[in-house]
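*Asks:* Given chain A, work out where chain B should sit, using these hints.
2 protein chains.
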Amino acid sequence: MNAPFDPGAGTLVLPQPYLLFLGDTTERGFAKTAFGLRDWARDKCVGELSLPGATVTTGLPQMSSGEAFAAGARALVIGVANSGGIIPANWRASLVEALESGLDIVSGMHVRLTDIPELAETAHLLGRRLIDVRVPPEGLPVGTGRKRSGKRLLTVGTDCALGKKYTALALSRAFAERGLDVDFRATGQTGIMIAGGGIPMDAIISDFEAGAAEILSPDADPDHWDVVEGQGSLAHPAYAGVALGLLHGSQPDVFVLCHEPGRETVLGAPGYTLPSVEEIIELTLLLGRRTNPAIRCGGLAYNTSALDEVEAARLMAQDSERLGLPVADPIRRGPAFDLLIEECLR
Amino acid sequence: MNAPFDPGAGTLVLPQPYLLFLGDTTERGFAKTAFGLRDWARDKCVGELSLPGATVTTGLPQMSSGEAFAAGARALVIGVANSGGIIPANWRASLVEALESGLDIVSGMHVRLTDIPELAETAHLLGRRLIDVRVPPEGLPVGTGRKRSGKRLLTVGTDCALGKKYTALALSRAFAERGLDVDFRATGQTGIMIAGGGIPMDAIISDFEAGAAEILSPDADPDHWDVVEGQGSLAHPAYAGVALGLLHGSQPDVFVLCHEPGRETVLGAPGYTLPSVEEIIELTLLLGRRTNPAIRCGGLAYNTSALDEVEAARLMAQDSERLGLPVADPIRRGPAFDLLIEECLR
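Protein chains in written order, with my numbering: chain A, 1 to 346; chain B, 1 to 346.
With the rest of the complex left out, here is chain A:
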């Protein structure tokens, strides 16, 4: 089934809190979703469930589906991937038991939950939901370009897969810690699970891309912030359209440019030189002005995981000086991250 609508907003809304399912995973890297949920939505996770043989743990309390339901859980989230993107036969009894215990199941895997007959039948019989977060809600409108109330921040990138989700989450949390009224608006599957809702922007029919982005960050109080997870890049030969639809529909007041120093070519597009941060700032301002003439750059978020601490600090200071904007690594934090937040909120 499609994930359910939020009748007020048209976005996906997931049942929460979660029981995190780890299967029999022995590779930490396969449990990225579970760790993401633990780190960014801990108050929405009551515990974890793993099968015999699993060596990976999130450190949350181990519990059965029945215990999780009693503790308030309303959905089991498949928190692991495997190389085939499939749901192995030895997971199925646990998933059926979760449905029988009163939990819905949430998945971001390639395989559809409803394509597994045991799950489809049990869910149908018991009235439980099998929610694939890759499946966008139906009935999305086309964009109107109408200016909405409230404030918006969008993370954009010089490329794909360099920290736009992480940066948006880190900024949302920092805004909340400063007492601001803020929502993280998720546009990809992991983000949607963390937020408990959102729209998978890469799965939308093109004609509805900007309209979906409009729905994702609806009218709000004048002081409310939506921090929107970016997708793609305006310079990516495959995904620039996705990035532009999201930019137009989000109509951000502020954007933060995410970048990985040292990355030289575009992911998946050999021969395409990564654009400079200056180029993407200019392009984002130029195109973003169409739906929000007041758009400005709040600073840059660098993914410096490939650099040692001293090199990273020197590079960020140097680029900050050159650009006249704060540059910070949202994982390493430090004073520059506070400057970035201040500039975004200015």
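Because the hints were derived from the structure by calculation, they are not lab data.
It cannot be assumed that every hint is accurate.
Unchecked claim - Just a few of them, taken from the derived set where beta-carbon distance is under 7 Å, the chain B residues facing chain A: (1) Gly145; (2) Ile204; (3) Asp207; (4) Ala238; (5) Ala240; (6) Val242; (7) Leu244; (8) Thr291; (9) Pro293.
Claimed, not checked - Label pairs and their calculated CB-CB ranges: (10) Ala294(A) / Ala120(B): 50 to 58 Å; (11) Glu278(A) / Arg346(B): 58 to 66 Å; (12) Arg322(B) / His224(A): 44 to 52 Å; (13) Glu311(B) / His224(A): 45 to 53 Å; (14) Arg333(A) / Leu286(B): 53 to 61 Å; (15) Gly29(A) / Leu286(B): 35 to 43 Å; (16) Ala93(A) / Gly127(B): 39 to 47 Å.
Unchecked claim - So, partial list: chain B residues that the calculated Cβ filter (under 8 Å) puts toward chain A: (17) Asp202; (18) Ala203; (19) Ala210; (20) Gly211; (21) Ser305.
Where a beta carbon is used, it is the ideal one built from N, C-alpha and C, also for glycine.
*Replies:* The following block gives chain B in isolation, referenced to the frame of chain A:
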């Protein structure tokens, strides 16, 4: 069913020639598809079929489905729309008869042919195809940005619905009349019926938009031209993403900007001023260079249907002077249209 693949190219390929079905239409405006096919694909149309009460005719020979099949037709095309986008009950016997006569059925209506049980059952029984040209082919790849051989022209616009399809068709025909090897590449449903194939770009999942455009105009001989039908506009708050994906994936050597003088606001987006032609030329060059650094503007195609001939000619001469580019109305033609073609081919 989805329309069939061209195994070589991944685009839709329609069975031809056509029998044009007009139903019992009395409103000429409802038969736009039939007239488009008559005007742009006459050699692919063997005749027309209408029901008692119809007053609209394309002037092509009237024939039954059986006569059309004998004359070579391989598909009946529903060449009319009606206000509800439905297929009325009194059309169904004729459509069933077409299937029984050996014809597939091609439709661009909102209703799916396969949702009409009589048609679905008859088609299944006889092995005929019910082809909805709004349904994109499956298995489209993501874009790679790889430069392809051959030459490409894309029509772009200051807005939607101002002549991008017409201009692309007129240029394709003019190129062919000059003896050039040219293909019109269709991106919308009417264009797809005219071309006998193509990809409905507005129905593609965003992540595959540029990849679909790449598939649509594959590697070709160095002197071969693909003339690609544009969609949307880079300045449209709802559809800019579609336009950018198509621009990047088409990697045009030349673009022709379509514009309707006098249109002041963007279609469907009240409050959005139409951009100037200069703005869209600059934006198309800036963004198009990402996948084709040699992109250039070949001139402008004005839709001057709201102006009288003298006004139209004066305006186009004036704008041509200002821009240093040919400006022509592809419907009114005249010497300026030849200049436009020459500049495109330069």
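*Asks:* Would you say the C-beta atoms of glutamate 311(B) and histidine 224(A) sit inside 45 to 53 Å of each other?
*Replies:* holds, 50 Å
*Asks:* With a cut-off of 8 Å, does the beta carbon of serine 305(B) approach a beta carbon of chain A closely enough for the hint to hold?
*Replies:* Violated: closest Cβ of chain A sits about 25 Å from serine 305(B), beyond 8 Å.
*Asks:* Hint validation: alanine 210(B) versus chain A, beta carbon distance must be below 8 Å. Holds or violated?
*Replies:* Alanine 210(B) check passes; min Cβ-Cβ to chain A is 5 Å, inside 8 Å.
*Asks:* Quick check on the hint: valine 242(B) CB to chain A CB, less than 7 Å?
*Replies:* Since the shortest Cβ distance to chain A is 5 Å, the answer is holds.
*Asks:* Minimum Cβ distance from proline 293(B) to chain A below 7 Å?
*Replies:* violated, 11 Å
*Asks:* Can we keep the isoleucine 204(B) interface hint, with Cβ of chain A closer than 7 Å?
*Replies:* Since chain A brings a Cβ to about 5 Å from isoleucine 204(B), closer than 7 Å, the hint holds.
*Asks:* Is 35 to 43 Å respected by the C-beta to C-beta distance linking glycine 29(A) and leucine 286(B)?
*Replies:* holds, 39 Å
*Asks:* Minimum Cβ distance from aspartate 202(B) to chain A below 8 Å?
*Replies:* holds, 4 Å
*Asks:* Is the distance from the Cβ of alanine 294(A) to the Cβ of alanine 120(B) consistent with 50 to 58 Å?
*Replies:* With a Cβ separation near 53 Å, alanine 294(A) and alanine 120(B) satisfy 50 to 58 Å, so the hint holds.
*Asks:* Should the hint that alanine 240(B) touches chain A count as held when the rule is a Cβ pair under 7 Å?
*Replies:* holds, 5 Å
*Asks:* Is it true that the C-beta distance of arginine 322(B) to histidine 224(A) lies inside 44 to 52 Å, as the hint says?
*Replies:* holds, 46 Å
*Asks:* Is the interface hint satisfied for threonine 291(B)? The criterion is a beta-carbon contact with chain A at less than 7 Å.
*Replies:* Because about 5 Å separates threonine 291(B) from the closest Cβ in chain A, which is inside the 7 Å limit, the hint holds.
In the structure shown, a violation is registered for the earlier hints numbered 9, 11, 14 and 21, in ascending order.
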